[in-house]
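*Asks:* Read off the chains here:
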Amino acid sequence: MKAKRTVNGRSKIKSGRPDQIIQVLIYCVVIGLCLAIILPCVNIAALSFNDGKDAAKGGIYFWPRLFTLDNYRQVFKDGTITKAYMITIARTVIGTTASLAVTSFAAYALKEKELPGRKLLTILITFTMLFGGGMIPTYIQYNKLGLVDHFGVYVVPGLVSVTYLLMMRTFFESIPESLEESAKLDGCGYFGIFTRIVLPLSKPVIAVVGLYTAVNHWNDWFSGAFYMRSSRLWPVQTVLQQMLTRAMANKEVTSVAQAIAQNSNSVTSDSLKMAAVVITTVPILCLYPFVQKYFTKGAMIGAVKE
Amino acid sequence: MSITKKLIRFWPLYLMLVPCIIYYILICYVPMGGVLLAFKDYSFRKGIWGSPWVGFRYFQMFFTSYDFPRLLKNTLIVGLIKCILEFPFAIILALLLNEFKNEKFKKISQTITYLPHFLSTVIIVTMLQRILAPNIGILNQFIGKLGGDPGTFFLMEPKYFFQLLFSMDLWRNIGWDSIIYLAAISGVDSALYEAASIDGCTRLKKIWYITLPGIRGTIGLLFIMGVGGLLSSGFEQIYLLRTPGNMSVADTLDTFVLKMGLMNGQFGYATAVGLIQGIVGLILVIICNRLSKRFTGVSLW
Numbered sequence: 001m002k003a004k005r006t007v008n009g010r011s012k013i014k015s016g017r018p019d020q021i022i023q024v025l026i027y028c029v030v031i032g033l034c035l036a037i038i039l040p041c042v043n044i045a046a047l048s049f050n051d052g053k054d055a056a057k058g059g060i061y062f063w064p065r066l067f068t069l070d071n072y073r074q075v076f077k078d079g080t081i082t083k084a085y086m087i088t089i090a091r092t093v094i095g096t097t098a099s100l101a102v103t104s105f106a107a108y109a110l111k112e113k114e115l116p117g118r119k120l121l122t123i124l125i126t127f128t129m130l131f132g133g134g135m136i137p138t139y140i141q142y143n144k145l146g147l148v149d150h151f152g153v154y155v156v157p158g159l160v161s162v163t164y165l166l167m168m169r170t171f172f173e174s175i176p177e178s179l180e181e182s183a184k185l186d187g188c189g190y191f192g193i194f195t196r197i198v199l200p201l202s203k204p205v206i207a208v209v210g211l212y213t214a215v216n217h218w219n220d221w222f223s224g225a226f227y228m229r230s231s232r233l234w235p236v237q238t239v240l241q242q243m244l245t246r247a248m249a250n251k252e253v254t255s256v257a258q259a260i261a262q263n264s265n266s267v268t269s270d271s272l273k274m275a276a277v278v279i280t281t282v283p284i285l286c287l288y289p290f291v292q293k294y295f296t297k298g299a300m301i302g303a304v305k306e
Numbered sequence: 001m002s003i004t005k006k007l008i009r010f011w012p013l014y015l016m017l018v019p020c021i022i023y024y025i026l027i028c029y030v031p032m033g034g035v036l037l038a039f040k041d042y043s044f045r046k047g048i049w050g051s052p053w054v055g056f057r058y059f060q061m062f063f064t065s066y067d068f069p070r071l072l073k074n075t076l077i078v079g080l081i082k083c084i085l086e087f088p089f090a091i092i093l094a095l096l097l098n099e100f101k102n103e104k105f106k107k108i109s110q111t112i113t114y115l116p117h118f119l120s121t122v123i124i125v126t127m128l129q130r131i132l133a134p135n136i137g138i139l140n141q142f143i144g145k146l147g148g149d150p151g152t153f154f155l156m157e158p159k160y161f162f163q164l165l166f167s168m169d170l171w172r173n174i175g176w177d178s179i180i181y182l183a184a185i186s187g188v189d190s191a192l193y194e195a196a197s198i199d200g201c202t203r204l205k206k207i208w209y210i211t212l213p214g215i216r217g218t219i220g221l222l223f224i225m226g227v228g229g230l231l232s233s234g235f236e237q238i239y240l241l242r243t244p245g246n247m248s249v250a251d252t253l254d255t256f257v258l259k260m261g262l263m264n265g266q267f268g269y270a271t272a273v274g275l276i277q278g279i280v281g282l283i284l285v286i287i288c289n290r291l292s293k294r295f296t297g298v299s300l301w
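From first to last, the protein sequence lines are chains F and Y. First residue of the first sequence: 1, per our numbering; consecutive thereafter. First residue of the second sequence: 1, per our numbering; consecutive thereafter.
Pulled out of the complex, with its shape left as it was, chain F reads as follows (with noise of 0.2 Å):
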């Protein structure tokens, strides 16, 4: 490699210019990017750790100008918030293992190439990701069966995705057959070879699956707000939609400064959004690092089977 860079040196210099200009633009370009990612976000938790009043003359914007943990406080004291939160702890847990077992379960049973009517199955499963009956039917069905108003509703819509199916089957597909024919010899059932060899062979897979849903689970605002009425059983996210609509629609964006005249504790509705949003970030943004690479695998093996 090094003799022939050498050898083309000459050539290189000729040829080299617009090759490093085109180096030098895609890394412009993609720092760019990561800027426009990174400092909206900086900018956030800079306002959620400032002094709310100070926040609203404006000038903050990557550090906060007058520091404080009022905000944090503020929303924590709140009850609601704290509620809210145990809310989406408890539906995130109880949603993604439900989840995992009933999808595991179809997967492996799907992967069995003689079994009668898998075709059928999979088709009809699949055809579910191309048309469904909308949101009112869709409604009625959930009330009908009780989900309305009910912590029911956070779990069951969600419980199987087409996606996730199919990528486990995939990957239950590509361990090899002479594993489960062997523990078959050993008196296996078929429930007995998927918990005791299938289930420990597809740990990346159902880490896949089942951040993937979790993640939706924390980040589901829509259930909360359509499918519960009594605003004692929403999740975070839906009391946070709630508080985004609400100023949406009073612009209360331009009434800060009322608020400063009036409040004469530090916290703003607004600074205390930003302290909201911030604590219902982090625990993404903390596990992020580790499962980054679960995630990207994800998206390969749902790639490869569509």
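These are computed hints drawn from the structure, not numbers from a lab. It should be emphasised that the depicted structure is a prediction, and the values quoted were computed from it without experimental measurement. Hints may contain errors.
[To be verified] Just a few of them, taken from the derived set where beta-carbon distance is under 7 Å, the chain Y residues facing chain F:
no. : residue
1   : Thr4
2   : Leu17
3   : Ile22
4   : Ile27
5   : Pro31
6   : Gly34
7   : Phe118
8   : Ile136
9   : Ile138
10  : Gly147
11  : Ser299
Beta carbons: idealized from backbone N, C-alpha and C, even for Gly.
Assemble chain Y onto chain F, guided by the hints.
*Replies:* Chain Y only, in chain F's frame:
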């Protein structure tokens, strides 16, 4: 082996399938049957079957209504933004990332660009609202510093709505969507690149003649999948970005269905509009799939 023998042999597997089958019947297929509502004058008391038929009245009502042209236009603009305008950016990012020789830098930029995908729409819009706030938001402050008017209320002006939607969606998804293309690019035979180097191909030519044709299958598949959402995409963003100021453009078929159905209680009418969306989406996927099969050999089924 006969079918009955197989059924007996595989019964534990069927048992494992039961929860999944029940789920799809109750959560997906029953509501699919519920589209009958679109042809009925629904009342809660009588249920779907007991309510009287009204034929295509709701469809007629919708197509002749005052809202129809405006809703269709807004929906199409959003659909075109999300399914077509945004489509090439992830491919471009994947191509750029692939050109990095520095692995560490590549890894860091991937980590950063994937990140927004994991933030919820509520979080993103809340952030956006603060960042775009007139006078005190960071964007307006920069505009002020550069000598512009720092008082622009981006979220209240209809003319900024689609731009905002586009940038927000791109910001969130560009990195994540590029993963699949990166995976496809890494699958392209490296011997082709070596041969091209020997022939004196420039980088751009390699991308154009080797990489892009090499990932054509992936591009085609993702395009077909995306096109089905032409009339029903971006509900979350639109719903959350709506303000009294931009209501005239932030009103699409999705928000209309929601307003008519869940808020005004006109279940039949709302179902009819939803059904139009679903059917158009399905037809678009079928057409694109067929076209793609004929011209590129790539198809979903």
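*Asks:* Against this structure, judge whether each hint is valid.
*Replies:* Each hint tested on the structure:
1. Thr4: Violated. Min distance 10 Å.
2. Leu17: Holds, about 4 Å.
3. Ile22: For Ile22 of chain Y, the interface hint is violated, since the closest Cβ of chain F sits about 9 Å away, which is over 7 Å.
4. Ile27: Holds, about 6 Å.
5. Pro31: With a minimum Cβ separation of about 3 Å from chain F (threshold 7 Å), the hint on Pro31 of chain Y holds.
6. Gly34: Nearest chain F Cβ about 3 Å off; hint holds.
7. Phe118: Hint on Phe118 of chain Y: holds, closest Cβ of chain F at ~5 Å, below 7 Å.
8. Ile136: holds, 4 Å
9. Ile138: holds, 5 Å
10. Gly147: This interface hint is violated because 16 Å lies over the 7 Å limit.
11. Ser299: violated, 10 Å
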